[in-house]
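Visitor: What follows is the residue order along each chain.
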Amino acid sequence: MKWETFAHQADVGVRGLGASVEEAFAGAATALTAAICDPATVAPRTPVAIACEAPELELLLLDWLNALIYEMAVRRMLFSRFELAIAGTQLTATAWGEPVDTARHQPAAETKGASFCELKVGCNDDGRWLAQCVVDV
Amino acid sequence: MDLNRFRQRAPFEWELPASGRMRVPGVIFASRELVLDMDDKVAEQLANVASLPGIVDAAYAMPDAHWGYGFPIGGVAAFDAEAGGVVSAGGVGFDISCGVRTLRTGLKRPDIEAVKNALADRLFARIPAGVGSTGALRLSASAMDAMLRGGARWAVKEGYGSETDLLFIEEYGCVAGADPAAVSEQAKKRQRDEMGTLGSGNHYLELQVVEQVFDDAVARGYGIAEGDVLVTIHCGSRGLGHQIGTDFLREMVLGAREAGIVLPDRELACAPLNSSLGQRYLGAMRAAINCALANRQILTQLTREVFAEILPGARLGLLYDVSHNTCKEETHLAGGRRRRLFVHRKGATRAFGPGHAELPAEYRELGQPVLIGGSMGTASWILAGAAGTEERAFGSACHGAGRAMSRNEALRRWQGRSVVDELAARGILIRSPSFRGVAEEAPLAYKDVGAVVEAADRAGLARKVARVAPLVCVKG
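Heads up: the protein sequence lines correspond to chains A and B, in order.
The opening position of the first sequence corresponds to residue 1 in full-length UniProt numbering, with each subsequent residue numbered one higher.
The opening position of the second sequence corresponds to residue 1 in full-length UniProt numbering, with each subsequent residue numbered one higher.
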């Protein structure tokens with residue numbers, strides 16, 4: 001699983017790459033944390049269960065990232081480890097993380113929502129999956 | 001931006017003629033240099049907005065326009081419900097009613113020099129800012145609904161500020177038609193601990209000094225003069241607005257197909273104004289505007305309390321409060337007749353000109369104060385809505401400089417500690433919980449706000465009144 005953030009003029013793009021759609025979604029989630037702080041500083045201590053359902057994979061990626069944004073906001077947490085399973089239009093996952101520690105995490109900006117901008121989920125010719133979109137920060 | 005696609009209508013007005021699916025032209029108000037500097041995506045997004053059903057006159061872009069989601073940031077578009085017009089969650093964005101509020105203090109710069117550090121420290125301690133911060137207020141379900149209906153009026157009733165403050169807020173502090181029942185439980189839960197918080201990213205609270213006045217008469221009318229100390233707050237509807245944006249963007253993308261609306265870009269997600277979904281969004285979005293107004297009102301009170309501790313002689317009166325991510329129902333002259341229109345301003349400020357009936361008596365002959373935010377080390381501006389601006393872009397002007405580079409690029413170029421030290425050497429004190437946040441928001445990551453303001457002035461959108469320089473900046 002690989003992840004990266006990519007440039008957008010006002011905000012930040014998040015991208016995950018992997019051997020499966022699940023790996024790509026996990027990568028995009030790590031990139032989401034990276035838009036806020038260094039994921040390596042976030043201890044995967046507390047599990048949070050997440051489930052979503054959408055009529056298509058691209059919407060499912062948005063729902064997944066928006067579910068994480070919601071959990072980060074209401075629990076005041078950051079996440080660094082993700083396990084998920086996608087069956088058809090349903091996603092079930094566990095995200096592990098810890099409460100925000102401002103001094104240690106140095107969080108730059110909260111994420112407001114995942115957008116349709118640059119939204120793509122697909123499998124390349126080489127069989128690698130990609131999942132990406134721009135996140136409003 | 002390729003200028004060959006445009007026809008220059010006036011020195012600061014560029015028309016993208018209607019073609020293809022466009023129902024109306026696109027119009028950019030800016031200097032040649034600013035237009036040349038804009039991404040081609042701005043023209044593409046303007047053309048997409050111009051293709052939406054029921055759009056009136058033109059899709060407009062302000063001098064600070066840049067590539068946004070669906071709508072360009074700095075975009076203005078009005079829709080007529082009777083002509084099949086739409087309301088677009090993408091046309092308002094996630095940070096509903098993000099805006100700027102400026103307070104006079106009654107102090108001159110020398111009055112605060114000796115206590116500037118103490119003010120910076122106390123404001124940073126009292127104003128919850130940054131990721132994960134919470135306010136002191138926790139709202140019950142019924143109090144949440146009352147806040148969403150009442151906006152700043154609710155906040156004043158709860159003891160945050162005075163009735164006089166309400167005179168100097170758009171819609172007098174409360175937008176009608178808010179529907180708390182249209183706001184999801186998730187959105188309300190996200191807001192439960194976030195009342196009276198600043199947020200993060202480009203949001204801030206600044207102490208500022210009026211550096212130069214360009215229009216003495218209007219400045220006098222606004223109660224400001226060179227050397228005056230001001231406080232400016234830039235923030236929005238916090239988690240509640242973000243969640244409403246998320247909820248309705250999704251629903252409108254799925255609903256557009258059923259409504260037979262072709263979306264050239266899914267971020268333009270919209271619904272007919274005369275539909276259940278459109279009406280529910282309007283109710284929720286107006287609730288978010290009220291949330292933002294209440295939030296800035298609470299932050300105003302916290303600021304007053306800090307000044308009362310350190311400078312008891314200060315009197316913090318509200319100059320004005322503007323929102324720059326909204327959709328508002330307004331009456332405008334379009335097609336030769338007065339029409340009720342739903343004006344989307346995404347990264348654009350309402351800028352009603354002199355004589356407008358919506359303005360408070362104190363400012364009616366001057367035009368609405370238009371507050372343009374800065375970026376820590378750069379100037380902010382106070383403008384006044386220009387005469388005739390309603391015929392140009394439904395009474396709208398710019399909202400800020402806009403970013404010149406991505407956050408990734410800013411992080412590569414600057415370190416937060418160095419930015420703080422360099423600004424301190426210039427007499428600007430930064431207080432932030434995150435050095436990385438400061439690096440991403442480094443002043444040079446933004447465009448030259450002076451060029452944007454000059455273009456707004458020359459295009460006849462809003463007149464320059466005063467340039468304001470930062471002294472202390474509390475960043476989220």
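Source of the hints: derived by calculation from the structure; they are not laboratory data.
Where hints are given, some of them may not hold.
To be verified - Derived pair list, reagent style DSBU-like, types lysine-lysine, alpha-carbon separation capped at 30 Å:
| hint | chain 1 | residue 1 | chain 2 | residue 2 |
| --- | --- | --- | --- | --- |
| 1 | B | Lys-157 | B | Lys-189 |
| 2 | A | Lys-120 | A | Lys-2 |
| 3 | B | Lys-157 | B | Lys-41 |
| 4 | A | Lys-120 | B | Lys-157 |
| 5 | B | Lys-116 | A | Lys-2 |
| 6 | B | Lys-41 | B | Lys-328 |
Visitor: Are the hints correct? Go through all of them and say.
Guide: Okay, the hints, checked on the actual structure:
A hinted pair counts as satisfied when its Cα atoms are at most 30 Å apart, and Lys-157/B with Lys-189/B qualifies at roughly 23 Å. Restraint check: the Cα-Cα separation between Lys-120/A and Lys-2/A comes to about 16 Å, which is no more than 30 Å; the hinted pair holds. Distance restraint check for Lys-157/B and Lys-41/B: the Cα-Cα separation of roughly 45 Å exceeds the 30 Å cut-off, and the hinted pair is therefore not satisfied. Distance restraint check for Lys-120/A and Lys-157/B: the Cα-Cα separation of roughly 47 Å exceeds the 30 Å cut-off, and the hinted pair is therefore not satisfied.
This hinted pair does not check out: Lys-116/B and Lys-2/A have alpha carbons roughly 47 Å apart, beyond 30 Å. Proximity of Lys-41/B to Lys-328/B is assessed by CA-CA distance (about 26 Å); at most 30 Å being required, the pair is judged to hold.
Checked against the numbered hints given earlier, this structure breaks hints 3, 4 and 5; the rest are met.
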